[in-house]
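> Those protein sequence lines, which keep their order, are chains A and B. Under the numbering used here, think of the first position of the first sequence as 1, with each following residue one higher. Under the numbering used here, think of the first position of the second sequence as 1, with each following residue one higher.
Derived by calculation from the structure, the hints in this document are not laboratory data. Fair warning: there could be bad hints in the mix.
Unchecked claim - Selected chain A positions facing chain B (Cβ under 8 Å, derived; list incomplete):
hint, residue
1, Tyr7
2, Ala130
3, Phe213
Unchecked claim - Here are the in silico distance ranges between beta carbons for each label pair:
hint, chain 1, residue 1, chain 2, residue 2, range
4, B, Gly321, A, Lys227, 16 to 26 Å
5, B, Ile3, A, Arg372, 17 to 27 Å
6, A, Lys44, B, Ile3, 23 to 33 Å
7, B, Ser183, A, Asp383, 47 to 57 Å
8, A, Thr237, B, Gly68, 55 to 65 Å
9, A, Asp356, B, Ala2, 55 to 65 Å
For each residue, glycine too, the CB sits at the ideal point set by N, CA and C.
This is what each chain is made of:
Number of protein chains: 2
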Amino acid sequence: MAIASYYTPTHVLMGKGAYKEVVNELKKQNATKVLIHYGSDRIKKNGLLDEVVSLIEESGIKTFTLGGVVPNPRVSLVRKGVELVKKENIDFILAIGGGSVIDSCKAIGYGSLYDGDVWDFYSQKATPTACMSIGCILTMAAAGSEMSDSSVITNDEGGLKRGCNTDYCRLKFALLDPEYTYSLPKYQTACAVVDIMMHTIERFFIKGTTLAFTDNMATALLRTMVKFGPIALTDPTNYEARENIMWASSVSHNGFTGFGNSWRGDWACHQMEHELSGMFDVAHGAGLSAIWSTWARYVYKENPKRFAFFGHEVFGLELTGDDDKDANAAIDKTEEFFKSLGMPIRISDFGITLTDDQLEELATKATFYGKRTLGSFMTLDHDRIKDIYTLAR
Amino acid sequence: MAIASYYTPTHVLMGKGAYKEVVNELKKQNATKVLIHYGSDRIKKNGLLDEVVSLIEESGIKTFTLGGVVPNPRVSLVRKGVELVKKENIDFILAIGGGSVIDSCKAIGYGSLYDGDVWDFYSQKATPTACMSIGCILTMAAAGSEMSDSSVITNDEGGLKRGCNTDYCRLKFALLDPEYTYSLPKYQTACAVVDIMMHTIERFFIKGTTLAFTDNMATALLRTMVKFGPIALTDPTNYEARENIMWASSVSHNGFTGFGNSWRGDWACHQMEHELSGMFDVAHGAGLSAIWSTWARYVYKENPKRFAFFGHEVFGLELTGDDDKDANAAIDKTEEFFKSLGMPIRISDFGITLTDDQLEELATKATFYGKRTLGSFMTLDHDRIKDIYTLAR
């Protein structure tokens with residue numbers, strides 16, 4: 001078996017007012033010129049952006065701001081960030097926002113230390129060898145990018161959405177203030193719950209062996225989400241729900257819930273979703289929910305026991321001993337849970353009617369034009385991927 | 001509530017042959033002169049020490065070796081290490097061994113960057129402001145020092161055993177090779193199981209609030225130990241048991257199982273055990289086992305529900321609804337489990353008969369001669385501490 005690796009150097013601080021630690025953390029990093037990168041107007045309206053800028057400026061550190069990050073962050077804005085960093089000799093990047101903003105920061109961090117075009121790293125034309133120092137004030141708990149090694153960027157031309165994973169982009173610090181997630185719209189909260197769960201689910205369903213300890217941790221995380229996800233939807237200012245979800249979002253994608261397993265994860269659903277949101281700009285969590293149960297029913301026969309175990313541990317389903325039946329009950333239950341959050345469970349739930357040409361295009365793009373297969377639990381080639389898109393239609 | 005902090009910068013690699021990554025990791029740290037610090041003859045006999053020295057020397061990095069670390073590592077040897085580091089301009093410290101060796105390395109790391117005597121940091125006369133870079137090849141899974149911020153050193157004169165906790169001493173890397181724990185004697189393995197469990201138990205029983213997510217993680221870790229601890233005892237070369245225990249040892253003391261709780265932990269049992277092993281040189285895990293159930297029965301009335309929950313989640317005990325009864329059942333069950341591992345559950349099980357003078361001395365030392373109380377779940381002053389030592393006698 002390969003050697004398992006766990007590397008999460010990010011200093012996480014969580015609590016009410018955690019964002020006020022920003023100056024302290026920037027000083028530790030010897031930051032002198034900071035790019036503050038953000039997306040939504042939410043942090044302008046609630047005053048967070050202004051307060052953070054003031055705190056930092058008062059400490060003698062210079063700030064530059066660049067807003068406008070959108071969900072499925074665009075390489076065009078990343079290029080603007082790279083230009084700004086190079087022009088102003090900026091030495092630290094601070095994200096205020098969620099996964100999209102952090103991913104955009106990571107891409108700026110790579111691009112600023114590179115002479116070529118940053119998209120090279122996402123189109124696999126080049127591999128990063130360094131990244132600038134990055135920190136974040138997290139105002140949305142979902143992607144887990146604050147502790148992960150991954151970033152996903154969309155190319156404005158052609159709608160290609162591609163990831164780049166390296167340890168260089170691991171954040172120096174992440175300040176988690178659950179209160180700043182109170183104002184997230186219900187739909188976004190539901191998407192977040194799915195996304196957080198999927199980061200662990202992708203690591204749970206693999207071919208080969210898993211570490212028992214990691215299985216226990218993974219299912220404990222998922223149970224926590226099943227409990228607090230619905231509470232956050234009906235009671236958005238429930239601090240307990242928000243803090244549990246927020247910390248789960250970080251842990252779910254920092255590698256912990258896959259440690260010691262024989263594969264890094266399956267990730268077929270993520271990669272199929274990337275094509276979907278690249279083409280239609282749907283929310284990532286919703287896209288995952290629209291695909292997962294179809295994927296699960298397509299692949300479960302590879303190891304029905306694993307799905308049965310999942311249903312038992314995560315949802316407390318009683319095991320009948322008939323693995324096939326138990327596996328299907330687990331899939332039904334998960335689908336039902338996603339639906340109860342108001343999430344789509346088919347692509348048509350978005351109001352999208354996929355044409356045959358689009359199905360073919362999605363499958364072709366997902367394989368990088370025939371250059372890769374997807375998945376680990378079941379290896380998916382172009383035809384199987386197209387099958388799943390078709391069944392999920 | 002205070003702001004929760006999680007900081008585990010240590011790069012962990014676990015698997016068969018993980019120790020071979022040592023050169024790669026040392027290069028990443030730009031190490032040029034490495035002090036290899038170790039304890040037992042086990043790594044000499046099995047050839048690990050020689051192999052590691054060869055690997056490192058062949059890579060062009062210079063090595064210096066210093067053996068002789070004993071359980072409850074002594075400040076006298078630490079001072080020798082500091083002298084060697086200063087004399088030879090050593091720039092990296094590599095531990096090969098378990099918690100005692102790593103703790104000794106941490107103390108050398110502090111002392112080498114300090115003009116005064118290293119014991120100042122343990123007697124709270126001074127606070128460290130820096131530590132040298134440290135890595136380890138772990139050959140014993142117990143103390144969790146490989147990811148923790150703590151080190152515990154014993155002063156040869158007077159048998160004082162004292163801790164020092166700072167983030168400066170967090171290791172750069174930890175190489176975990178479960179096969180190297182096969183040869184641990186049964187008694188040491190049992191001590192390790194208790195020690196690992198206690199690092200989470202100390203964080204679980206506190207006054208105030210805990211994060212639900214963290215409760216789920218803590219109990220999942222403890223269930224893993226309850227399953228694999230006995231397997232490692234009866235089948236020492238069971239790889240699955242050894243790898244689960246090894247990773248649990250790191251996670252149990254890196255802060256994860258206490259994250260977001262309103263107190264850093266209780267630690268009364270640890271501090272009472274420190275006095276016991278300082279006086280009698282008993283194994284740390286065994287000392288904890290000899291005290292815990294007495295402590296638990298003494299304090300449980302502060303929050304019987306918490307103990308009932310513990311018994312239900314960790315041992316699957318059915319809840320009767322009578323919290324007092326359920327709490328006692330949980331304590332009985334835990335005591336029984338420790339006993340089943342061959343661990344002492346009273347101080348007399350060591351063959352030690354504590355005199356009244358010794359009880360008074362233990363209680364006095366535990367309070368730092370009246371300068372502190374112990375515990376969080378229940379605050380323990382000198383008289384209560386003496387009560388518990390007396391009841392555990």
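> All hints, please: hold or fail.
To see whether the hints hold, each was checked on the structure:
Because the beta carbon of Tyr7 (chain A) sits about 5 Å from the nearest beta carbon in chain B, less than 8 Å, this interface hint is met. Restraint check, Ala130 (chain A) versus chain B: the minimum CB separation of about 13 Å is more than 8 Å; hint violated. For Phe213 (chain A), the interface hint holds, the least distance from its beta-carbon to any beta-carbon of chain B being 5 Å, beneath 8 Å. The hinted range of 16 to 26 Å is satisfied by Gly321 (chain B) and Lys227 (chain A), whose Cβ atoms lie roughly 21 Å apart.
The hinted range of 17 to 27 Å is not satisfied by Ile3 (chain B) and Arg372 (chain A), whose Cβ atoms lie roughly 43 Å apart. A beta carbon spacing of about 25 Å between Lys44 (chain A) and Ile3 (chain B) agrees with the range 23 to 33 Å that was offered as a hint. Between Ser183 (chain B) and Asp383 (chain A) the C-beta distance comes to about 51 Å, which sits within the given range of 47 to 57 Å. Between Thr237 (chain A) and Gly68 (chain B) the beta carbon distance is about 58 Å. The supplied range of 55 to 65 Å therefore holds.
At about 58 Å, the beta-carbon gap between Asp356 (chain A) and Ala2 (chain B) stays in the expected band of 55 to 65 Å.
The structure is inconsistent with the numbered hints 2, 5, although it conforms to all the rest.
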